[in-house]
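Work out the full structure, taking the sequences as your base and the hints as a guide.
Residue numbers (our numbering), protein chains in the order written: chain A, 1 to 184; chain B, 185 to 368; chain C, 369 to 552; chain D, 553 to 736.
None of these hints come from the bench; they were simulated from the model.
Do not take every clue at face value.
What the hints assert, rightly or not - The list that follows gives simulated cross-link-like pairs (lysine-lysine, PhoX-like), each with its CA atoms no further than 25 Å apart:
1) Lys556/D <-> Lys514/C
2) Lys63/A <-> Lys556/D
3) Lys698/D <-> Lys48/A
To be verified - If you want the ones that stay clear, here's a sample from chain B, every Cβ over 12 Å from chain D, calculated:
4) Lys206
5) Asp235
6) Lys259
7) Asp262
8) Arg284
9) Ala322
10) Thr349
11) Glu352
Just so it is clear, CB atoms sit at the ideal spot from N, CA and C, and this is done for glycine as well.
Number of protein chains: 4
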Amino acid sequence: MNKKRRYQIGVMGSAADVKYSKKFEKIAEEVGQRLAENNCTVVYGAEKDYDSLSTAAARGAKKAGGVTVGVTYGKGKDIWDKEGNTDIIICSGLERGGGREFVLVNSCDAIIAISGGSGTMTEMLVAYQLNIPIVAIAGTGGWAEKMAGEYFDSRKRMKAVAAKTAKEAVEKVMSLVKEYETKR
Amino acid sequence: MNKKRRYQIGVMGSAADVKYSKKFEKIAEEVGQRLAENNCTVVYGAEKDYDSLSTAAARGAKKAGGVTVGVTYGKGKDIWDKEGNTDIIICSGLERGGGREFVLVNSCDAIIAISGGSGTMTEMLVAYQLNIPIVAIAGTGGWAEKMAGEYFDSRKRMKAVAAKTAKEAVEKVMSLVKEYETKR
Amino acid sequence: MNKKRRYQIGVMGSAADVKYSKKFEKIAEEVGQRLAENNCTVVYGAEKDYDSLSTAAARGAKKAGGVTVGVTYGKGKDIWDKEGNTDIIICSGLERGGGREFVLVNSCDAIIAISGGSGTMTEMLVAYQLNIPIVAIAGTGGWAEKMAGEYFDSRKRMKAVAAKTAKEAVEKVMSLVKEYETKR
Amino acid sequence: MNKKRRYQIGVMGSAADVKYSKKFEKIAEEVGQRLAENNCTVVYGAEKDYDSLSTAAARGAKKAGGVTVGVTYGKGKDIWDKEGNTDIIICSGLERGGGREFVLVNSCDAIIAISGGSGTMTEMLVAYQLNIPIVAIAGTGGWAEKMAGEYFDSRKRMKAVAAKTAKEAVEKVMSLVKEYETKR
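Below, the structure is given as structure tokens:
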């Protein structure tokens, strides 16, 4: 791996149509902020119609002066974030619901999952299939909660590493990316 | 919808590296055969390195004189099936592990899941996100078993309809595609 | 290559927003018809908003009792063809304008180009880059005319083989697919 | 458009297997450098096997302290650039030869083409189809030379704006992105 490139960490989580509490939004922002403080680039799924925990992580990263990349679907760069929390927009050209998510996760060195519905579970499964380390924050409900500490199938290739807090999630993801890098 | 086009039904299930019993392979073949008898096109995930329950369904469909479409990854049409059970090969140009699976499911009117690891669960989640009906065969283990009769997230958009046998799965998928067609 | 699979021949050409004469439409239909008579599957770019020379080829193929595959963009199978000239619809999940076209060409054993604007030239270039043989019908204007008998860059990997009529185009494409198959 | 986001300008040009002179490599580097000086993010096609004019532009941008994004094919982030000239790597999951190129161009606000074979022409055509402004440097040979000042088809939607030098190319691309932004 290119020694000078920052780690690219994806933050995955519920979209606003799933409804999530202010508390989980705070966790997502804290994850983004801590990743930025650890000199990581935050990669997130940029929506065009509403907010998400993934977008909240980008907001947190920018508060801490970090770098953010939003991966969106279809064409057109007019994403939901108008506040300028997205340094780079990638238009995957693929539809949302699995296609865009594939490009998003494929571009990450590791991912952190918070709560999450079908999209977040898809993202964890893609990461598993691509051998990209996963940290899932327990206590946030949804698929992240269900998968924390679990394997994704009987191949038992790797577990979603469980974390209890934003702090622990970022610490664990940092050690995972370093470990995986050495293996390569 | 084009009135003359046959329904395109995807059959999703474990790949051979997950290991599955002869019994589940028989179920997959029977699903393929029954879909062909119901005048459906069987859409399956064509691998380049090994067999799968999805491929077994294509075999079953051809035994019954059906039409099969294999959706593969990357480029190059040299797929694992050398017996001629694939009428049409689609090269998605996308990597396996979520990308190819997205094109595969997106091209189906409905899907049937049998047993299945991370790939099959990804395919069910894509179907859910794209509003494509899903039948999951209970008693086959894996993610199909876990999801049979369940919603995929708190949006509760639709359940994976549970079936106990190949026969029931095909009956249920036929009524689902007709119902969804009317709704459109 | 799978011995029993029919050759999958793509027919590429102008979309209706470019405007083309009835004469070129006839050529496209004849190409489709002759491919069907030669036992080929016709692969075409299925639009959702208007007709195209590619769609005309599918019409011709169906008149001759052939098999047709329409590769469309985005999601949703509601394509422009309502007459039932499409046996199988593939939803690439990718946007039109290069993405869908990539899946389309990647799924062909060879392509025939008729007239054509930017989309058709993109398709010829993709074929060239993927080492998929190309026949271009001279005398139909557009990029097919410009490229007939020409290389696509200084690599001189292969030429667009020139043909003057639908008949000659299909004869040449049949000998090209057989030649390429032997080389593999 | 997000007011704070830097313009994302793609630099497209021959890959090293086409062979290009030191002179053109210098032009590409100068384009990258000038884009960085104009506060643009340089988006380039990251190869895994060899150098390219696109990669040269990223080198130039980094010399001037700019930000660079490399869009690569398939999976795996082990790209040709080992010097650290790539701030962010996007893995498109799509094959090279049209697929990766689509994600690359779709993620640009405008592109500059230098010399170039089939890949560069594909990229200009994708830009044309997606309504993304194009500057082509005349005098560099290849498709950039052929298309400088020309329309891409009879739709005459837009021309590849001709430039004679790296300086002029960057000046023209800056005025084009501003003009297109206003139109939106």
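The hints, checked one at a time:
1. Distance restraint check for Lys556/D and Lys514/C: the Cα-Cα separation of roughly 43 Å exceeds the 25 Å cut-off, and the hinted pair is therefore not satisfied.
2. With a C-alpha separation of about 14 Å, the suggested pair Lys63/A and Lys556/D falls inside the 25 Å cut-off, and the hint holds.
3. Restraint check for Lys698/D and Lys48/A: not satisfied, since their Cα atoms lie roughly 38 Å apart, outside the 25 Å limit.
4. No Cβ of chain D comes within 12 Å of the Cβ of Lys206/B; the nearest lies about 33 Å off, and the non-interface call holds.
5. Against chain D, the non-interface label of Asp235/B holds: every CB pair exceeds 12 Å, the least being about 23 Å.
6. With a least CB separation of 5 Å from chain D, Lys259/B falls inside the 12 Å interface cut-off, contrary to its annotation.
7. Here Asp262/B stays apart from chain D, with its beta-carbon at least about 15 Å from theirs, past the 12 Å limit.
8. At roughly 9 Å from the closest C-beta of chain D, the C-beta of Arg284/B falls inside 12 Å, breaking its exclusion from the interface.
9. No beta-carbon of chain D is positioned within 12 Å of the beta-carbon of Ala322/B; the least distance is around 33 Å.
10. Distance to chain D confirms Thr349/B as a non-interface residue, since its nearest Cβ pair spans about 37 Å, more than 12 Å.
11. The claim that Glu352/B is not at the interface with chain D holds, since no C-beta of that chain comes within 12 Å of its own (minimum 36 Å).
Of the numbered hints given earlier, the model fails hints 1, 3, 6 and 8; all others are met.
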